[in-house]
Amino acid sequence: MNWQAEISEKDMTLLCEYLDDTLSIKDRAKFETRLQQSPELTQALEDMTALKRSMRSLPCKPVPHHFTLTRSEAEKARRGLFMLPTFGWASVVSMILLAVIFGSEFIFTNFSVPQTPAEPVAMMLPDAAPESALRQAEEESSQPVYLLNWASVGGKGGGGAGGSGLPVGGMAYGMGGGLTEIAPEDAVVAEPEQPAELTLTEPMQTGGVVEPTEVASMLSEDKITVEPLIFGVREDQLGQVITIEPVQSEISAVVAAQEVVESEKEPIIPTNVKWILAGLAAAFGLIWLLLKLKR
Amino acid sequence: MEETELITRAVDGDLDAFNRLVLQHQEVAYNVAYRIMADENAAADATQDAVISMYRKLDTYRGGSFKSWFLRIVTNACYDELRRQRRRPTIPIEPETNEGELVESPEWLEDKSAGPEDVLGTSEIENAIQHCLSGLDQKFRIVITLVDVSGEDYEAVARIIGTPIGTVKSRLARARLKMQQCLQGFRELLPDQFRHITEEHDELAS
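In order, the protein sequences belong to chains R and W. Numbering-wise, the numbering used here puts 98 at position 98 of the first sequence, and it's gapless, one number per residue. Numbering-wise, the numbering used here puts 43 at position 43 of the second sequence, and it's gapless, one number per residue.
Be careful, since some hints might not be right.
[To be verified] No farther apart than 25 Å at their CA atoms in a straight line, the calculated lysine to any residue pairs in the SDA-like style are these: (1) R:K292 with R:V93; (2) R:K292 with W:N76; (3) R:K76 with W:Q24; (4) W:K57 with R:K52; (5) R:K76 with W:K57; (6) R:K52 with W:D153.
Just so you know, these hints were derived from the structure itself, not from any lab. Computed from a predicted structure; not experimentally measured.
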C-alpha cells in the first residue's frame, strides 16, 4: 500500500510521536481511534516500527582507540584556550583605539574653533577662517602693487595702501595730508605689535616715517599731533611708477597663514601611530582567525 | 565513583577524572559521529576534537545530563568536520563510472564478518541503512541518528542540537519518511516486512 502520498506531514509527525510514546494520554487515545479507521495510517505505523527496529539494531561500532587525553595534550589544549581569546581581544582593543583616534580627529576637525589668540594672523582676521585668510593673502600677493607718485603734495589724505586685508598696514599708511589729530582709540590699529605690516616705510623717504615705537609713545597722550606723511612724492620721478612688486609683508602673511593652516591640518595623533595600530589590529585578527580555523 | 563526582573533579583540573568520563561515553560519542559522518576516520577525528573541546569547555558545564552535553559537543564537532570536508572535498575511490553512474562502493561489497549467512545479512542491512542515512540532509541525519540510533528522547535532542522540540519532531518525521523511501530500493536485503511493502507498492504502480 502506498501510504506515503496519503498521509500528511502533520499525521506523520503524530505517528512518530505515537511510535516514540511521547503523546499525552488524550492525544494517544484520539490517534488510536484514527488508526483503527485508516488503513494507510496503520500501514505507515507498521513500516515506521520496522524502520525504527532496524535502526536500533544497528551494531555498535567499537572505538578504534581510546579518546582520552595525555598530560601533554591536555596542556596543549589549555594553552590554546588562552591564546585564542588573547589574540581576539588584542585585535578588538586595537580596532577600538583606532576608531577612537579617527573619531576624535573627526570631531576636532569639524567642531573646534579654527583660531587661537596666540596666532597673530588669526587675530588680525577674527571673522575669517585660516583657509580663507590664506586664500585672500595669496590672491593679493599674486597681484602687483603699484606705488605711484602723486602730482601734488599734501592735503590729499590717502587711501589705505593696497587695502590688503591687513587693516593695520592700510590704516598706517592712510594718514596723509595735513596735520591730523588722532584720538588714541582711533589709532589702536597702529600699535607696534604688528611690525611686519609696517614694511612699506622704506621707500617713503620724503615725509619721514613714524616708527612703531614713536606711534606707541604718541598714543600714550590724550591728543597727539602726527606729522603728515607724504607718500610717493619725489620730484624727480613724478608720473613714474616707482616699483611694482609683491609686498614683502604680504608674502610673510601668506607664509604665516600657511603655517596656521598646516598646524591645524596636522593630526593630533601621528600617522605612524595609526598605521602601527591598524597593523596590530590586522595581525592579531589574522592570528585569531588562523587559531580558530586550526581548532 | 559517581559521574557527578567525576565531573566535579574534572572541572577542578583532575585529568584522570576527565579521562574516566571520556571512557564512559566515548563509545556512544563515536557511534553517533560515525552515523553522521559515515566514515570511520572522520568519525574518530570528530570524536577526538569533541573530547579536546569538552576539556576546554568543562567549566561551562552547568549540570543536567552529561551525556547530552557531550553529544552536543560531538555533533558540533561533526558539523565542523563536515564543513571542513566541503571546503576540501576528497575524491572517492569509486564514486561513479565514466558515464556518471553510481557504482557499488567497496565498502558495500566488503565481507566484514565472513561468517554465517545471517550475520552477512545483518551487515548488508546495516550498509543499506548507512547508505540511506548518508543521503539524508545533514540536519535530518543528526536528528534520526540521535533518536533512533543513540536512543535519545526529543527533549535531549532539542538540547543537543539547540532547536525547539517542535523542530525536532518535524525533522524526525521527514527523516523517517525519507529513510523509508530510500530503503525501498534495497528491498531484497531488508526484512520480510519491508519486502512485502515494496512488492505491494510495485503492484499498485503497475
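Evaluation of the provided hints:
{"no.": "1", "hint": "R:K292 with R:V93", "verdict": "18 Å, holds"}
{"no.": "2", "hint": "R:K292 with W:N76", "verdict": "14 Å, holds"}
{"no.": "3", "hint": "R:K76 with W:Q24", "verdict": "23 Å, holds"}
{"no.": "4", "hint": "W:K57 with R:K52", "verdict": "34 Å, violated"}
{"no.": "5", "hint": "R:K76 with W:K57", "verdict": "14 Å, holds"}
{"no.": "6", "hint": "R:K52 with W:D153", "verdict": "14 Å, holds"}
In summary, the one numbered hint that this structure violates is 4.
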